[in-house]
Structure formats: structure tokens, C-alpha cells
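Asker: Sequence:
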Amino acid sequence: MRFSVGLVLFAVGGAIIGAVAMFFYSEVSRSSEPIARQSEVPSSSSAATAIAPATPTSTPRSVLTPTAISALVPSEELGSPLPPQIPFPSPVGQRTFEPGERPTVPSTQDFDALRAASFLLRSNEETYHTIAGLPWVRDGVSRIASGPAQSLIDLALVDSDAARELLRMSWLADEISEDEAWATVSLVYLALDVPETFQRLITIPWITDGIDEDEAWAIGSLSDVATESQYAVERLVSYPWFTDGILPDEATVVTALGSMSYELGAGAEFIGMSFLESIEPSDAIALMSLEFLSYDSPAAFRRVMSHPSVVDGITDDETATLALLSDVQITNPDMMDTLLEQSNVQIERRSIELPLAGDVELAIVRLQPGAARSMGLLESAVRFTEDFMGEPLPTNFLLLFYADAVVSDYAGHNSGLSMTVHPDFDSDDDSDEASYAPYILAHEVAHYYWNNSSQLWLDEGAAEIVSIVYEETTTGQEAMGGANTYLCAYAADLTGVEQLEETLAGDCAYSLGTRFFLDLYRTLGEEEYQRGFRDLYLMGVDILDPEDPDARGIDHVREAFGFSQEARDEIIPKWYWESP
-9 MRFSVGLVLF
1 AVGGAIIGAV
11 AMFFYSEVSR
21 SSEPIARQSE
31 VPSSSSAATA
41 IAPATPTSTP
51 RSVLTPTAIS
61 ALVPSEELGS
71 PLPPQIPFPS
81 PVGQRTFEPG
91 ERPTVPSTQD
101 FDALRAASFL
111 LRSNEETYHT
121 IAGLPWVRDG
131 VSRIASGPAQ
141 SLIDLALVDS
151 DAARELLRMS
161 WLADEISEDE
171 AWATVSLVYL
181 ALDVPETFQR
191 LITIPWITDG
201 IDEDEAWAIG
211 SLSDVATESQ
221 YAVERLVSYP
231 WFTDGILPDE
241 ATVVTALGSM
251 SYELGAGAEF
261 IGMSFLESIE
271 PSDAIALMSL
281 EFLSYDSPAA
291 FRRVMSHPSV
301 VDGITDDETA
311 TLALLSDVQI
321 TNPDMMDTLL
331 EQSNVQIERR
341 SIELPLAGDV
351 ELAIVRLQPG
361 AARSMGLLES
371 AVRFTEDFMG
381 EPLPTNFLLL
391 FYADAVVSDY
401 AGHNSGLSMT
411 VHPDFDSDDD
421 SDEASYAPYI
431 LAHEVAHYYW
441 NNSSQLWLDE
451 GAAEIVSIVY
461 EETTTGQEAM
471 GGANTYLCAY
481 AADLTGVEQL
491 EETLAGDCAY
501 SLGTRFFLDL
511 YRTLGEEEYQ
521 RGFRDLYLMG
531 VDILDPEDPD
541 ARGIDHVREA
551 FGFSQEARDE
561 IIPKWYWESP
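Residue numbers for the sequence shown, in the working numbering: -9 to 570.
It should be emphasised that the hints constitute simulated quantities derived from the structure, not laboratory data.
All C-beta atoms in this analysis are idealised placements derived from N, C-alpha and C, irrespective of residue type, glycine included.
Some hints here could point you the wrong way.
With beta-carbon atoms standing in for the labels, derived distance ranges [said to hold, decoys possible]:
#1 Asp202 / Asp419: 48 to 54 Å
#2 Ser160 / Ser108: 27 to 33 Å
#3 Asp306 / Asn334: 14 to 20 Å
#4 Gly466 / Gly348: 26 to 32 Å
#5 Asp327 / Gly366: 29 to 35 Å
#6 Gly130 / Ala347: 40 to 46 Å
Computed list of lysine to any residue pairs in SDA-like fashion (alpha-carbon distance at most 20 Å, straight line) [what the hints assert, rightly or not]:
#7 Lys564 / Glu488
#8 Lys564 / Phe553
#9 Lys564 / Asp509
#10 Lys564 / Gly552
#11 Lys564 / Thr485
#12 Lys564 / Met470
#13 Lys564 / Gly522
#14 Lys564 / Gln445
#15 Lys564 / Asp483
#16 Lys564 / Ala479
#17 Lys564 / Arg548
#18 Lys564 / Leu490
#19 Lys564 / Tyr480
#20 Lys564 / Ala482
#21 Lys564 / Leu477
#22 Lys564 / Gly515
Please model the entire structure based on the sequences and the hints provided.
Answerer: Listed below in C-alpha cells is the structure:
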């Protein structure tokens, strides 16, 4: 079974300056952190004057990737300028507009065609000419530039001093990037809504020296926090980690807070809690989990926020369990209260350094004692997977939860924020579960790389190959993984798998996807296979939606392995048949 939940198309959006600004946002909203896609194969184991925000068009949902187990089962010209409501996705989201929501805007337009531009000329000629003389304005205002240009006009009409201060930013003096455009509109909003915060922001070095993607997300998200609480946004920008430069985890924290402010008016509730004094990887994952929960189940989110352990203030020791909540709400909601009582939880941590990804934190959460070897198995799987992929592990925090909170009666899954494996596999004895434990962990770790492809067989087959090669490397014995575990009774090749209903495709996706990649691996040999496998991974590393036209599919496989005539002319056509 495959969940159609669109995890990474997060709810974002809001009222923005005029129709042109709305279109601009649809162009610039984008993402930076992957989330593992869903898939599953069963196991027999029993085990200011802001206008009201617009309603988001989509919401994030947790995505589950269970494991296959071998042998187991805007105002007119003279009216008031409208401060923009910044669209707010988390760093792993993207703004999507309904078909009728986005107006048609010319690719370029004259500056004087923007709302209130002529009024600005009459009322403040100097500032008008400063804006009109910007390189990205004077030769015609593009769709990307229309939002910041209109925002600067609006700000100049309300607070000309603030507009002049913003116009001193050196990065506005040359061509404007999408990140800079979004940051400009966001800063205008803050100047209009929380002027004291704006004055602080324009003195922060990482804002004055240029804007990158993480910085644009952070600035944009502040406006959402400001709609809830001016105190909260002022406190947020005073944290040392915010003023000394925004790192990816810190951008994630700010965007998650903004999202929860925007959706439920709850982001400010976290301000002042001790875990925000410095940002650790688990802090970012915990807030992302709570952000997802606020979308998926506002009632459950409110229940969490009213729990004494949260009301008393979240500590760094509690973030690992909070990071599990959005997933557990789906798989075993009765377990949420158990996790919120820290006395019920055992957490084992280990910090490691990987050759490519650098510092990574591993954490295992248990509700009962487990095997001493499990942390070592997890580290081994992580190290092998990064080495086999030849690319940095896509996360700096791996969270493994051993609990009966797996989809249905499957053995394990990867939600993108954490991995959950049935506790029967947290063992070190002569049981089948103990023997398959390393294989399961390798499969779930591989899903940090292999997710959000257009087809289930691709992600599951790819994850199976990683676990198969891992097992062969560690045991010295040939393995087949999901290729032998499941027989496909509904399709003869991958073309047929793609035509199956989701309820029938699971076994076939694992079986035939694994056999396909095994054929490539056995035929090409490890070195040549890894070359194509790595290229295939890189083709989809920035794709966060399986429905995206650019999501990995058979054409990407052909391109990645096209260097091999045998793969191109024999193996791929054998497994993926297309009529002439």
C-alpha cells in the first residue's frame, strides 16, 4: 500500500502585495531538505496593519517508508499600501497555488505601471528615482522583480526613512536574485509591522552582506511570527545563533516557528524555552515534527502543547521524543502520551564523524530495554550507506525509534524525520528478527537518499540494493533481499508495475524493482554500477514531490546508466518494456 499524502507540498501562502506580488511568490517558493517517500512491504513479524492570511492550499503530511524483510513477511493608487503576508513553507516545502489563484502577469512591465508608482513620484521624487534606477527595475520589471519593487514603493509611501535604509543594502544595487527578492518583500513587511525589529535586522551582517536561500527563508518566516506576537519576533532575532549567521538547522527552526504562528498562533509559545538557546540538529527535527502535527492534527498538536512537560518548557533532552510525534500520531496515536512522559523513554545517543557529511548525531529511542549492539549496527549501516552512495548523508540527525508504531504489521518505515523499527528487531539472539536487524537498518538508512521518485519500484528497489550489498559485505554471503521475498503475481515487468493500482503494486515494486537493480549491479560490477547509481540519485536530490515532472523515473535511469551499452540496450529494455 502506498500513501498519497503529498508530504512535502507544505501549506504556505498568504495575502501579499497585489496580484503581482502573489505571482512573484509562486515563482520563488522552494525547498532545501529532502523527506523520504512512502512505501511499504509487509513482514510476517508480529510485530502592523497586516491583512488576514489566506488559507493555505496544501498541508504537509508525514510520509512512511516501511521496510521489506528478507524471508519475512493588495488598495488603489491613493489607498494604504498593503504589507505582504509572506508565504511560509518549512525548508522542506513548496508554495503551490490553486489554478485560479495566480493571475496572469506580463513577463516584464514598466515601473510606472506598478500600483502607486506615479503617486510616489509626486510625493517623494528622490526615493522614486532611487527605486526606478535600480538595475533590475530600470530596464523593465520582471515577474521576479515586481514583488520587491512594489513593496519598496509601498514602504516609501508609509515610511520613507525605512525605505531609504533598505535601499542602502548593497545586494539591491545589482541584479536581484529570487532569494533577495523574497527577502526584500519580507523586510518591507517587517518594517511596516514591527519597525523596531526591522531596525535591528538591517544591522545584522549576514543580512547586509547578501542573501542566500536559508537566510531568505529565515527572514520571510519572521513575518509570520510577527503576525502572532511582536514580542516573540523581537526575542527571536535577539538569539545569538540568529544574529551570528543562519545555518540550515537554524533556518529550519525559524521557518517551523513561523509556520506554527501562521497556522495556529502557536509559534510564540516556544520562545524563551531553553532548547532554543542554542540550536542542535534534534531541535530542528523536533520543531519540524510539531509543525507537521499542527497541520495534520491541530487537536493533537494542542494536546501536546498543553502537556505539562511542554508547558514547563522543552529542554534539549526532550527534543528527540518530540521529533517522533508527527509520525506516531499516524501509526499509534495512543503512544503520544507515553512519549511525552520522559520517565517512560530511554534515549541512547552517539556522535560520529562521516567522511563526507561530517558530524552526525545518532539517537535511539526505546520504551523498553534493547540490545546493546543496536547502536553499533546503526552506525555501521550509516557508514556503509554513505560510502556506497559516494555522496554526503542527507541528514545530520538520524533518529531510530524501536516501538510497536510501524505502519500496520510491517517491520519498519522511514518517515523522513525518523525511522521506526519493530522492537523485536532490537535483539541479539538466535531469532530470525535478530539476524535480519542489520539488513532492515541499512534499508531504512538508504531511504534518506532514496525518496520522492516518481515510482515506488525505483525507491524501494534502490533501498533494497543498498541493504543487499551491505549484507553481502558484512556476511560474505550472496543475498537477494526483496527479490526473493515477494513474488509478483500481477506484473511481468516494471512497465506493468507502474500500471497496477496502488493496493496491488507493493509486492511487485519491491520484487521487480530489486531484481532490476540487482541485474544492473551483477552485470556492471560494483564500480560501474555505483557510477550510474550515484548519478541517478543526484538527478532527484532536489525533488520533493513524487508528482513533480522531474521526479526520478525510467528516463532518468536510462540517462544515468546510458554510459553502458549493455545496460542501455539489454538490461533496461528487458525490465522496462515499451511498445514502439
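Asker: Taking the hints in turn, state whether each one holds.
Answerer: Structure-based check of all given hints:
no.: 1; hint: Asp202 / Asp419: 48 to 54 Å; result: holds (50 Å)
no.: 2; hint: Ser160 / Ser108: 27 to 33 Å; result: holds (28 Å)
no.: 3; hint: Asp306 / Asn334: 14 to 20 Å; result: holds (18 Å)
no.: 4; hint: Gly466 / Gly348: 26 to 32 Å; result: holds (31 Å)
no.: 5; hint: Asp327 / Gly366: 29 to 35 Å; result: holds (31 Å)
no.: 6; hint: Gly130 / Ala347: 40 to 46 Å; result: holds (43 Å)
no.: 7; hint: Lys564 / Glu488; result: holds (15 Å)
no.: 8; hint: Lys564 / Phe553; result: holds (17 Å)
no.: 9; hint: Lys564 / Asp509; result: holds (10 Å)
no.: 10; hint: Lys564 / Gly552; result: holds (15 Å)
no.: 11; hint: Lys564 / Thr485; result: holds (10 Å)
no.: 12; hint: Lys564 / Met470; result: holds (19 Å)
no.: 13; hint: Lys564 / Gly522; result: holds (18 Å)
no.: 14; hint: Lys564 / Gln445; result: holds (18 Å)
no.: 15; hint: Lys564 / Asp483; result: holds (8 Å)
no.: 16; hint: Lys564 / Ala479; result: holds (18 Å)
no.: 17; hint: Lys564 / Arg548; result: holds (13 Å)
no.: 18; hint: Lys564 / Leu490; result: holds (19 Å)
no.: 19; hint: Lys564 / Tyr480; result: holds (17 Å)
no.: 20; hint: Lys564 / Ala482; result: holds (10 Å)
no.: 21; hint: Lys564 / Leu477; result: holds (18 Å)
no.: 22; hint: Lys564 / Gly515; result: holds (18 Å)
The structure agrees with every numbered hint stated previously.
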